[in-house]
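Asker: With the hints as extra help, turn the sequences into a complete structure.
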Amino acid sequence: IRGIPSTQNYFKLSEPTEAPKEMLSTLNSAKDNSPSNNIKGAAKAAAAAAASNQQQQLRSNQWAKSAGLRGRLSLDPGLLDFRPGTDGRVLDTVRLLRGRLAARHGDFLLAAAAAAGSAKEAEAMIKEATALEELPAETTAVAASAEVSAPTSGSGKKIVDGDGEEKRAEKGPGFEPDWSRFEGAFSKEMLPAEQGYEGTVSFITEVVDLLLEYLHRINDRSNKVLDFHHPHQLREALSHCLEIPVEPRDLEQILSDCKETLKYAVKTGHPRFFNQLSSGLDVIAMAGEWLTAATNTNMFTYEIAPVFVLMEEVTLQKMREHIGWESGDGILAPGGSISNLYAAMVARYNRFPEVKMRGMRAVPELAMFTSKDAHYSVKKSAAILGMGMDSVYLVDTDNRGKMLPEHLEQLIGLARSRGQEPFFVSATGGTTVLGAFDPLDAIADVCERHGLWFHVDTAWGGGVLLSQRHRHLLAGVQRADSVTWNPHKLMGVTLQCSVILLPERHIGLLQGCNGMQADYLFQQDKQYDVSYDTGDKSIQCGRRNDIFKLWLSWRAKGDEGYGEQVDYLIDLANYLCQQLKKRPGYEMVMEKPDFVNVCFWYVPEKFRSMKPGPERDSVINEVAPKVKALMMESGTTMVGYQPLGNLPNFFRMIVSNPAATEADIDFLLDCIEKYSAEIFDDQPDEAGLGGGGGPAQ
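Just so you know, we're using full-length UniProt numbering here: the sequence shown kicks off at 1 and counts up by one.
Just to be clear, a hint being listed does not mean it is correct.
What the hints assert, rightly or not - FRET-style restraints, in silico, Cβ to Cβ:
id : residue 1 : residue 2 : range
1  : Ala193    : Gly388    : 48 to 56 Å
2  : Thr295    : Glu587    : 48 to 56 Å
3  : Asp257    : Gly324    : 46 to 54 Å
4  : Gly613    : Lys318    : 51 to 59 Å
5  : Lys318    : Gly508    : 14 to 22 Å
None of these hints come from the bench; they were simulated from the model.
Ideal placement from N, C-alpha and C gives every residue a C-beta, glycine not left out.
Answerer: Below, the structure is given as structure tokens:
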């Protein structure tokens, strides 16, 4: 479609998917009865023009070779409206238009569909084969000759793209695809096999169709969030395909394996998935992930990954600027835990550079500090670095989960009195459970007084820096010595995508701490600026390309788009808080959360008269896990739960899915009430919810 100037603006992801109004207007503007002013006449004229265009295209050997698989134009997923939460209603139409031979000649079909004015009329035209009969003999001959050259499997079976798609389109999403043409065809017959291109295209096309079907399903609220099975049940259900065989399986089986995998996968992009910090599905980032897999690039040197190394440099600088640093250093890491590990490593190296050569015997017993509500990766870092988890002091928090700076100062004194050497403090910008933001300025003051490295783990909350309304939550972050930021969380970039960032005063520490100068990779006499060979700063050798999806998504949204996304999620969390206060039976763990973590209890009606105390806590402790179990069995929605300190189990609602709406919030609360009633013998239908798979929508 993008190849035709007159249609370049018709099919954008953010626009409606009906036939282009401009084209309809053009085709219907004349008042006479010429053939171009009625549907069939327009189709004939378009077909003739298409045939002429195709004759010109035949002069290209490349087009002649591939015409049997795809025309130079295809009404493919570019028509889809990929906004989160939409129903993917155009998917059937897309498949219909691709299913027939005429769909291979996109000029014709585009004009025909536009002239028809609706998918229903276009479908009728195609079924009548009116368009195909009017195509010149040369056109059908091209298609026929292309079909002859279609790839064959080892058993002589042709692998022709499009087989069975018409039937699938007529049945709609969920119809069993026809993959029989892949029976007896094996992966060795695809690229890089000499004649493997056509078979590769055919196979990948089917995989893309599966993915589009999946996108449709995860944005359709009538579909389950998950199809839950216990491990032994799932192993039995997948017994026909789970094990790794000695002999290869044909492509028909491989496609079936793909479909089975998606069937049982949890739909984390579903608008009613609220279980983890990372949820939703950013389609632009997903597209970046596909291209990343295709390039299969290692990120250790500029000569291997020139474009991606530059993207990483530009993107990390952008993130540093949002923190408040003019320059600095950094690198992408495989998750926030590794980014926090980097911070502790660099802090130790900065204080005791001899540790790189001589290890822990060269340094005194060290002490690290973080809050009781901080991520467990701080303790894990201490264990990995040989200091031991006992070297980590846990600082008390207030009733909102924020670190108490005065207690931090006391613990620093305690560690020194024990002969330990304090060197590292990790504050949190958005704790995992309560979503608390530690008082960074006050903690920075303590660190400056005692000469300690000040790290801010804002893996969860870093995205608020892109919101003008909420960036104040990270006030003081610019005073940090290092920052962890996970775009795969609040920003919604596909997993995994984490960054460790350092200010200008610490440029070179990552290289000094981790560099090994392997002479088969990091030669210093290359013809380009070897400072761009960033891989030596990493604790890895092979390093995945996690930058492209982040860069691409940021290009698509801009700072403004991400800011709006963060504002929307926090507004939606506030809506949830309002509903919890309005509905009977709900009690909030924290009255007014700062962030998108909303923690609460639900007390079934029969227990509401109980007095506060251990007995009531014991009863409430059972509500969340039992309701969660029933949620998962029914597959309607997912939300997390957990205890905290002496508090009984509570629901931990994470509002980080941009596809979610206020109606989805209401649905979740209805689910909790309904399932609680079923479990604890309340009146199941007192709210008119009915039985079965969840509350009435």
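Asker: Indicate, hint by hint, whether the structure satisfies it.
Answerer: Going down the list of hints, with the structure as the test:
{"no.": "1", "hint": "Ala193 <-> Gly388: 48 to 56 Å", "in the structure": "holds, 54 Å"}
{"no.": "2", "hint": "Thr295 <-> Glu587: 48 to 56 Å", "in the structure": "holds, 51 Å"}
{"no.": "3", "hint": "Asp257 <-> Gly324: 46 to 54 Å", "in the structure": "holds, 49 Å"}
{"no.": "4", "hint": "Gly613 <-> Lys318: 51 to 59 Å", "in the structure": "holds, 53 Å"}
{"no.": "5", "hint": "Lys318 <-> Gly508: 14 to 22 Å", "in the structure": "holds, 21 Å"}
In summary, this structure violates none of the numbered hints.
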